[in-house]
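Chemist: Take a look at the letters that make up each chain.
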Amino acid sequence: MTDKKKKQIQQKFIERAKESGIKVHKNNVHLAKPLSRICGFMPTKHPTSLENLVSGR
Amino acid sequence: MSFQECFKEFTDCNLPPIIYVDTSFIVESLIKGQRHQEVAMDFIDALAKAKDQPIVIFSELLKSEMRCAVISICLRNEFGGRVKIGDRLFENPDYIKKYYVKAEAAEVKLYEIMQRFKHWTSVPIDEKITQRAGKIMPKYRLGSLDAIHIATMEEWGINDIVVFDWGIEELPRYRANINIWTVNGWARHQKRLKKRSTIVKKGKGNK
Numbered sequence: 000m001t002d003k004k005k006k007q008i009q010q011k012f013i014e015r016a017k018e019s020g021i022k023v024h025k026n027n028v029h030l031a032k033p034l035s036r037i038c039g040f041m042p043t044k045h046p047t048s049l050e051n052l053v054s055g056r
Numbered sequence: 000m001s002f003q004e005c006f007k008e009f010t011d012c013n014l015p016p017i018i019y020v021d022t023s024f025i026v027e028s029l030i031k032g033q034r035h036q037e038v039a040m041d042f043i044d045a046l047a048k049a050k051d052q053p054i055v056i057f058s059e060l061l062k063s064e065m066r067c068a069v070i071s072i073c074l075r076n077e078f079g080g081r082v083k084i085g086d087r088l089f090e091n092p093d094y095i096k097k098y099y100v101k102a103e104a105a106e107v108k109l110y111e112i113m114q115r116f117k118h119w120t121s122v123p124i125d126e127k128i129t130q131r132a133g134k135i136m137p138k139y140r141l142g143s144l145d146a147i148h149i150a151t152m153e154e155w156g157i158n159d160i161v162v163f164d165w166g167i168e169e170l171p172r173y174r175a176n177i178n179i180w181t182v183n184g185w186a187r188h189q190k191r192l193k194k195r196s197t198i199v200k201k202g203k204g205n206k
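Protein sequences appear in the order of chains F and U.
So the first sequence is numbered by numbering that gives the first Met the number 0: it starts at 0 and just counts up by one.
So the second sequence is numbered by numbering that gives the first Met the number 0: it starts at 0 and just counts up by one.
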């Protein structure tokens, strides 16, 4: 698929979303946080983490 | 495989104009210790750094699915998989408070990931989508939630989905013009050998 065709598809989607009242968010990607700071989220203490081993769990 | 090699694979292949993101992929990329976290993060990075960055789309369903997944992982980490959502233990207000805070934090992280993309959107589930989901469920042999994701894709004319879910992965057998971006099956069996998994594209649609 050519770049021109891709942009056409993207534009068509954005227009359709606007018609349906759905917001397509536009970002300045240079201001985004590094991925390593976003991912690696730990939902709860892992049973094998050092902290838990020290506390004798 | 190093990140550079992995990234080269993505930049060499033809990225789609629009890509649909499944809950399984987001959960895998966000949560530390998940089996394919590294490859999921690399894929996000590759998409974000690509010259022809696709529009990233997910269903409103993702938010509730993700919350449910985070709480399940919390419970599994704390009780070793013996407790499930819906158990009486979960009625304890301390647990509700503890786990819901974590689930909300995961949603914040999701929006932080989306800041890396020039264009992204979450699409709501409407009557057309639920009706279509009901029809395609037996046709594509999907579960109800997976069917809603696929119905959303069909409704919006999207052909590419990134998913780490076995249910959806076999979809190209039933629907020819769909592309599944997923962890390669062989890598799954290499876990014991600690080999690195990669993302592969299944399907021949939308060349």
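Rather than coming from a laboratory, the hints here were simulated on the basis of the structure.
Each residue gets a CB set at the ideal place from its N, CA and C atoms; glycine is no exception.
Be aware that a few hints might be false.
To be verified - Straight-line C-alpha distance at most 25 Å; calculated DSS-like pairs for lysine-lysine:
#1 LYS4(F) x LYS101(U)
#2 LYS17(F) x LYS62(U)
#3 LYS201(U) x LYS25(F)
#4 LYS22(F) x LYS117(U)
#5 LYS83(U) x LYS25(F)
#6 LYS50(U) x LYS11(F)
#7 LYS138(U) x LYS25(F)
#8 LYS4(F) x LYS83(U)
#9 LYS117(U) x LYS32(F)
#10 LYS32(F) x LYS127(U)
#11 LYS32(F) x LYS50(U)
#12 LYS17(F) x LYS138(U)
#13 LYS200(U) x LYS5(F)
#14 LYS5(F) x LYS101(U)
#15 LYS48(U) x LYS5(F)
#16 LYS83(U) x LYS11(F)
#17 LYS4(F) x LYS50(U)
#18 LYS117(U) x LYS62(U)
#19 LYS6(F) x LYS117(U)
#20 LYS25(F) x LYS117(U)
#21 LYS62(U) x LYS22(F)
#22 LYS17(F) x LYS101(U)
#23 LYS117(U) x LYS200(U)
#24 LYS11(F) x LYS117(U)
#25 LYS5(F) x LYS50(U)
#26 LYS3(F) x LYS117(U)
#27 LYS201(U) x LYS22(F)
#28 LYS101(U) x LYS83(U)
#29 LYS3(F) x LYS50(U)
#30 LYS5(F) x LYS22(F)
#31 LYS201(U) x LYS138(U)
What the hints assert, rightly or not - Label-pair restraints from in silico Cβ distances:
#32 GLY39(F) x GLN130(U): 37 to 45 Å
#33 GLY79(U) x LYS6(F): 44 to 52 Å
#34 GLY85(U) x GLN7(F): 42 to 50 Å
#35 LYS134(U) x SER35(F): 38 to 46 Å
#36 GLY85(U) x SER19(F): 33 to 41 Å
#37 GLN7(F) x TRP165(U): 30 to 38 Å
#38 GLU18(F) x LYS117(U): 15 to 23 Å
#39 SER35(F) x TRP165(U): 26 to 34 Å
#40 LYS22(F) x ALA175(U): 39 to 47 Å
Chemist: All hints, please: hold or fail.
Modeler: These are the hints, each one checked on the structure:
Of the pairs offered as hints, the one joining LYS4(F) and LYS101(U) is violated, with about 41 Å between alpha carbons and a cut-off of 25 Å exceeded. At roughly 22 Å between alpha-carbon atoms, LYS17(F) and LYS62(U) fall within 25 Å of each other, so this suggested pair holds. Distance hint between LYS201(U) and LYS25(F) is unfulfilled; the C-alpha atoms sit about 29 Å from each other, more than 25 Å. At roughly 13 Å between alpha-carbon atoms, LYS22(F) and LYS117(U) fall within 25 Å of each other, so this suggested pair holds.
Restraint check for LYS83(U) and LYS25(F): not satisfied, since their Cα atoms lie roughly 38 Å apart, outside the 25 Å limit. As the CA atoms of LYS50(U) and LYS11(F) are separated by approximately 19 Å, the hinted pair is consistent with the 25 Å bound. Straight-line distance between C-alpha atoms of LYS138(U) and LYS25(F) comes to about 36 Å, which puts the hinted pair past the 25 Å bound. With a C-alpha separation of about 47 Å, the suggested pairing of LYS4(F) with LYS83(U) is violated against the 25 Å cut-off.
Between LYS117(U) and LYS32(F) the alpha-carbon distance is near 14 Å, which keeps this suggested pair within the 25 Å criterion. Restraint check for LYS32(F) and LYS127(U): the C-alpha separation of about 36 Å exceeds 25 Å, so the hint is violated. Between the alpha carbons of LYS32(F) and LYS50(U) the distance comes to roughly 19 Å, so the proposed pair stays at or under 25 Å and holds. For a cut-off of 25 Å, the pair hint linking LYS17(F) to LYS138(U) is broken: about 31 Å separates their Cα positions.
Between LYS200(U) and LYS5(F) the CA atoms are separated by roughly 18 Å; this keeps the pair inside 25 Å, and the hint holds. Restraint check for LYS5(F) and LYS101(U): not satisfied, since their Cα atoms lie roughly 38 Å apart, outside the 25 Å limit. A C-alpha spacing of about 17 Å is found between LYS48(U) and LYS5(F), which places the hinted pair at or below 25 Å, so the restraint holds. Between LYS83(U) and LYS11(F) the alpha-carbon distance is near 43 Å, which puts this suggested pair outside the 25 Å criterion.
Distance hint between LYS4(F) and LYS50(U) is fulfilled; the C-alpha atoms sit about 15 Å from each other, no more than 25 Å. At roughly 21 Å between alpha-carbon atoms, LYS117(U) and LYS62(U) fall within 25 Å of each other, so this suggested pair holds. Distance hint between LYS6(F) and LYS117(U) is fulfilled; the C-alpha atoms sit about 13 Å from each other, no more than 25 Å. Distance check on the hinted pair: LYS25(F) and LYS117(U) sit about 5 Å apart at the alpha-carbon level, within 25 Å; holds.
For the given pair, LYS62(U) sits about 17 Å from LYS22(F) by alpha-carbon distance, which is consistent with the 25 Å threshold. With a C-alpha separation of about 33 Å, the suggested pair LYS17(F) and LYS101(U) falls outside the 25 Å cut-off, and the hint is violated. Proximity of LYS117(U) to LYS200(U) is assessed by CA-CA distance (about 23 Å); at most 25 Å being required, the pair is judged to hold. Distance hint between LYS11(F) and LYS117(U) is fulfilled; the C-alpha atoms sit about 16 Å from each other, no more than 25 Å.
At most 25 Å may separate the alpha-carbon atoms for a hinted pair to count; LYS5(F) and LYS50(U) meet this at roughly 12 Å. Our distance criterion of 25 Å between C-alpha atoms is met by LYS3(F) and LYS117(U), whose separation comes to about 17 Å. With a C-alpha separation of about 30 Å, the suggested pairing of LYS201(U) with LYS22(F) is violated against the 25 Å cut-off. For the proposed pair LYS101(U) and LYS83(U), the alpha carbon gap of about 16 Å is at most 25 Å, so the pair holds.
The suggested pairing of LYS3(F) with LYS50(U) holds, with an alpha-carbon distance near 13 Å, which does not exceed 25 Å. Distance hint between LYS5(F) and LYS22(F) is fulfilled; the C-alpha atoms sit about 20 Å from each other, no more than 25 Å. Annotation: proposed proximity of LYS201(U) to LYS138(U) holds, straight-line Cα distance about 19 Å (limit 25 Å). Roughly 40 Å separates the CB atoms of GLY39(F) and GLN130(U), a value that falls within the hinted 37 to 45 Å.
In this structure, GLY79(U) and LYS6(F) meet the distance hint of 44 to 52 Å, their C-beta atoms being roughly 50 Å apart. Look at GLY85(U) against GLN7(F): about 47 Å separates their beta carbons, and that is inside 42 to 50 Å. The beta-carbon spacing between LYS134(U) and SER35(F), approximately 42 Å, falls within the hinted interval of 38 to 46 Å. At about 35 Å, the beta-carbon gap between GLY85(U) and SER19(F) stays in the expected band of 33 to 41 Å.
For GLN7(F) paired with TRP165(U), a C-beta distance near 34 Å keeps the hint of 30 to 38 Å intact. A hinted range of 15 to 23 Å for the beta carbons of GLU18(F) and LYS117(U) is consistent with their spacing of about 21 Å. At about 28 Å, the beta-carbon gap between SER35(F) and TRP165(U) stays in the expected band of 26 to 34 Å. Against the hinted window of 39 to 47 Å, the Cβ-Cβ separation of LYS22(F) and ALA175(U) comes to about 32 Å, which falls outside the hint.
Checked against the numbered hints listed earlier, the structure breaks hints 1, 3, 5, 7, 8, 10, 12, 14, 16, 22, 27 and 40; every other hint is satisfied.
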